[in-house]
Each structure stands twice: as C-alpha cells, then as structure tokens.
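For the protein sequence lines, the chains are S and Z, in the order given. At position 3 of the first sequence the residue is numbered 3 (this note's numbering), and the sequence of numbers has no breaks. At position 163 of the second sequence the residue is numbered 163 (this note's numbering), and the sequence of numbers has no breaks.
Just so you know, these hints were derived from the structure itself, not from any lab. Treat the hints with caution; some may be incorrect.
If several chains are the same, the list does not tell them apart, and a pair holds so long as it fits within one copy or across any two.
[What the hints assert, rightly or not] List of simulated lysine-lysine pairs, BS3-like, C-alpha gap at most 25 Å:
1) Lys205 <-> Lys265
2) Lys241 <-> Lys54
3) Lys290 <-> Lys241
4) Lys68 <-> Lys306
5) Lys265 <-> Lys241
6) Lys149 <-> Lys89
7) Lys308 <-> Lys89
8) Lys303 <-> Lys320
9) Lys90 <-> Lys301
Listed below, chain by chain, are the residues.
2 protein chains.
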Amino acid sequence: MAPRHPPENNPILSGDNATFTLQTTTLPPPGPNQTLVKVLYLSNDPAQRAWIQKGSDPERIYTEPVQKGEPMRAFGVCEVVQSSSENLKKGQLIYATSGWSEYALLDAKDCRPLYPDESAGIRPTHFIGALGGPGLTAYYGLVDVVRAKAEDAVVVSGAAGATGSMVVQIAKHIVGCKKVIGIAGGDEKCRWVESLGADVCVNYKAPDFNEQLWRATDGFVEVYFDNVGGEILDLMLTRLKRFGRVAACGAIANYNKGGDPVGVKNWSEIIMNRLEIKGFIVTDAVVTGKSGPMLQKMVEKIKEGKIKIGRDSETVVPTKFEDVPKTWVMLFQGGNQGKLVTQIQ
Amino acid sequence: MAPRHPPENNPILSGDNATFTLQTTTLPPPGPNQTLVKVLYLSNDPAQRAWIQKGSDPERIYTEPVQKGEPMRAFGVCEVVQSSSENLKKGQLIYATSGWSEYALLDAKDCRPLYPDESAGIRPTHFIGALGGPGLTAYYGLVDVVRAKAEDAVVVSGAAGATGSMVVQIAKHIVGCKKVIGIAGGDEKCRWVESLGADVCVNYKAPDFNEQLWRATDGFVEVYFDNVGGEILDLMLTRLKRFGRVAACGAIANYNKGGDPVGVKNWSEIIMNRLEIKGFIVTDAVVTGKSGPMLQKMVEKIKEGKIKIGRDSETVVPTKFEDVPKTWVMLFQGGNQGKLVTQIQ
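Looking at chain S on its own, in the form it has when it is part of the complex (with noise of 0.2 Å):
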C-alpha cells in the first residue's frame, strides 16, 4: 500500500514541546557476548504510546515506561554488523528491542535470529508483524482469551490494521468462526479486510455508520474483538448477545487525548446483557509458553496459502532517520494497511 505522509505541523513532531529530539552518540565496540547490529525495520506499535504516557504508574503498565531521555523503546528487525558471540554471525538478522537507533549494541541473549523464507512469502517484515506481536496478539486474544469458536459471530474493529488484518483471518480460516464483520476507517480499507475473509467490513467514517453496523450485526453477535475503545467500544457492547464476550486489546481512540479519554457509557449492557470482558497482553502468551504452538500454526496456514500476508498486509515506510517518530504518528491518524513498518534509509 502507498504510504501517506502525516501533517508537517503535529505538536508531537515539532515545535517547543516535541517528544523527541534526536541525539548521536559513539559506541564502544562490542564487548564479551556482544553484537552490534544494525536496524533495518522498526516496529510501529499502538501500545508505544502507553510507555511514554505522562504519569505512567509503573505498577499499573504492564512494562516500565520509557524514562526521560532514554531513546524510544521500540522493536527491531535487525543485521548484525559485529559480534562477539558464537552464535551470531556478521550479516545474520535479529529481531530485538533494538529502539530508535540506527545502531544498537546488544547482547546477545536479547536478539532472537529471524529465518526469513521467501519461497514461502516470509519477509524479514513478518516478524514484527503477522509472526510477531500483531499476529501474536490477534490468536492469542482471539482463541485463548475470548475462546473464539465456529459457532460463533465475530467483530473485530481496527480490522485493516496489523492484529485486526490477523484476527480476521485467523477468526474465518483458523477457527472457522460462522460470521466475520470488520470496522475499518475508509472503503478502500473495508474492500481489502472483505479480501482476507471477512464477511463483510464496515467503515466506521461513513456517515451511515450505525445502521451498516446494526445490519452487520442483525441478531448480534458472540465476540468483540476492540483494538480501538472509545465510540466503537460503546456502540459494540449494545450489539453483543447476552453472555457474548469482548476480548479488549487496545483503545487507540484515547490514546493522544491526554487525561479525558472518551468515557464508556454503555456499562450497564455489561451487567444486563452478562457480558464477559477480558483484557490481556500478548507477553502472557510468550511467558506461559503458548505462543510457539501458535506461531507455528500460523507459518502452517500461511504456508497453505489460508493466511495471507502479502505486500498489501504491511504499509513498508522508507524513513530517514530523523524522520522515524513522523512515520510512528502515522499509525493514530489511520495511515497505515495492515503492520506499519518503518524502513530506515
């Protein structure tokens, strides 16, 4: 898909109280079990904009937030460039929490080796999408968390997106679920999400919204699959049956509005309607060892050709360096297909 460039004036970017400033530092050479490695894709994720949340509570994100200035936490595809250790050799690619950096010295334990195969349609990308943590996140969520089955019908919002593109195919060829609706922002993105096997998708910036969303959901449905909160959260929980279940994700729609996110109105369908709310977090599916079964039966489905994770699955954004938080900004003003990647120049 054609990357869109985000406004130039975004306070984030640019101005007295930007976010980010760019620093350059020299690293030292790699020390014992050491590798320096060179960043060739960042990962864009919406969940980056919690670690920098102004008043974050340690105890309450699931990860430390990022300390002021620290750089950028973000994962990484990866080529190593020098090392030290046995197992990484000069040209392998990692994946690692690399941060905005376009050198990164790490050890060696923290950088996982990706074997790409591109006979099989597996870019170096995939691992920080449909096989890393978006695609992760949508099977997890999906299957283990909401315990998603055939008899089911399933709405995923943000379906155009990189774990909504994945919870969409994985809800209609995975599991087999008897209804997939998507919400997408733009017809164009609701055309591709119907491509991947959704029964129908619908765009949540059309002005007849509601009533295409009530017609998706005639009888309503079984699971909510909420990447975004907000509106669509509200809206949803009127349209689940009674015992449906969501599997709450994300909440992109309050992520930039600061200390007054949009509240959720509807909680009463939550108790009227006994509806089961889970929210969860991918690194529970890695610690608890459930996700190599689950990456595997993705690579097996991919490799069927069930899944698809074509070029139209990732918006792949050649970024200079110091244009790499412009590219981030992207993923909150709905500018990316499927995984926004960022490619270092």
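Go by the hints and put chain Z onto chain S.
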C-alpha cells in the same frame, strides 16, 4: 434502623411529570387456581429503575420493561385472603410479583409459599432480602461469577445495602476471603458493615475517601464486587491486581442520570492489567438450578449465627399505600441500611 424520609419535592413523585399515579380498580373474585392476596411487604430494588427506563429496549434488558399504564412491577410478601387453589389456604404467606398494589389477583402457580422461622430469626421480610434476590445475588455473584476464594482480598461497594451487606458476610464467613473491604455512604453505615465482618469499611462521602480507599487496598485486591458503577468503579479499576476480577452487579450511580451516564474512564486498566469483568443477573442462578443449594447454605449459616440478619439488616418503612413511591426513592438517596422494605400500612 430508623427510616428517614425523602424530600417532598422530588419530581419523580409529584408535579405534572410525576412518574407514578394512583389508580383504584375493582378485582373480580378468584377464578380456578387463582388466589387473592393482600400485600404486606414490598421489595425495593435498584433494578426496578431499569424496568421503567425511558427507551429501554426489550431485547437488551433482561426482562420486559413495564409499560405505561401498567401497575409498577415489584416483588412482594403477601398473605392469602381468598383462594380457589388446593395448595394455598387463607392466611398462608407467599412470595410473588405482586406489583405496587394493596391486593392482587394471582395465578396460584406464580405464588411461592413462605415458611418463616421466628426461632431461627427468619422473618417474612427476609424472603425479599437476605434469603431473596439480594442474598442470592450476593452469593451467586461472589462465589459463582467471580469465583472468590480464601486467598482473595475483596472490595464491595454499596456494602451497607441489601446485596452488599450479604456479600461482606458471605465473603468473610462462608468463603473466608483473606480481606474484605466495604465501601458505604456514612460513618455509621461503615461501622455497621465492619460489625458484619468487613476488615474495614470506607465512607465514600468522606473528603479523604480516595486516600482511605488507597490505604485499605494497599497491595491491591483480587476481586471487586460492584454494586454502584460510576466514579467508584473507575477508582476500583486502578486498585485491582493484575488478572483481577470484577462482578458487575449494579450501577446505581447512573440510574437516575437519564441519557448521560458517567462514562467509565479507566478502561485501559482492564487491558493493561488483564482484568476480567463479568456482568450477571440473579435470575441466571435460578434458571440454572444453582439457587436452591445456595439458599440452603445461607440458611445453615444463619442458623449457626455466622450470617447476621438482625433487625439492623433491614430498613422496614411503614408506608401508606399512596406513599409507596416515596419509600422506593429512598433507595437512590442512600436512605437504607440493609434491605429497604416497604411495609404497607
């Protein structure tokens, strides 16, 4: 507890837009298998608010809304006056959906015979309180819906209410939860909740309520039994441990806010701390056959003296029939300790 009287100028009760009107009709004599009953006590339940909510969607609330012109629906303890049923004799006490009426003509099959046991402290009013909907709601919600265990610390809002006061006692004396924290409106009520077994009860009307709640929940808690919704729910979402559970039972904070409920702002806590929220309605315990053994367990604990249902566990308000709505409104003004019962004068 001494009843307090609500303000006389409540627009629900008087004026051109009063919600209720008084009507007098003549009842025919009982037909086959019918019974004429005199209403002795009426149950006052926050849920009644939802049954008359303007625009309530019959598909979304768990019971039919009360239609304009119909008698207000209510549960009652009644005495049989005249009966053409073999099974119900004159003078028998029964439980039924009698509505707000002095006398009611009911099908015998809709009347449940009651057997108070004064020696065990079980009075007729208990069948709409500790051994009725509120007691069962407490037991089912705490034990079945959020699976409270001995290793859990539990917070209960509305702790001096009909349901909350039973949650406190069941948590402490049946489940044996390691810590039970009540939230109630007023120091007197809080001390009463502590007398029931709560380790501490916090007054939400106190100026330093937040600080008190923070201290009481130091180390965070595993379970929150929510009877109130609104701002207290929002606070509690920040005081639950990772993988904490919420029994979503009621949202009285919003019941008289019309179309603009207080939104739940801390939804992101559900995600980041992997909370589980489960809505429930007590009738589910009845239709699944779970209620019988639960009530039996409670009767047993009452007879052992573990669960207290003394005079202070109900606020019985002697009420002229035309003032029935006035007594009901006390529910939303925090005017009751334990179950609020209308005794028809």
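Status of each hint after checking the structure:
1. Lys205 <-> Lys265: Answer is both; intra-copy 21 Å and inter-copy 24 Å each pass.
2. Lys241 <-> Lys54: between (37 Å within a copy, 22 Å between copies)
3. Lys290 <-> Lys241: Between copies only: 22 Å across, 29 Å inside.
4. Lys68 <-> Lys306: This pair counts as neither: shortest intra-copy Cα distance 44 Å, inter-copy 55 Å.
5. Lys265 <-> Lys241: both (18 Å within a copy, 24 Å between copies)
6. Lys149 <-> Lys89: neither (44 Å within a copy, 52 Å between copies)
7. Lys308 <-> Lys89: This pair counts as neither: shortest intra-copy Cα distance 31 Å, inter-copy 72 Å.
8. Lys303 <-> Lys320: neither (34 Å within a copy, 76 Å between copies)
9. Lys90 <-> Lys301: neither (32 Å within a copy, 72 Å between copies)
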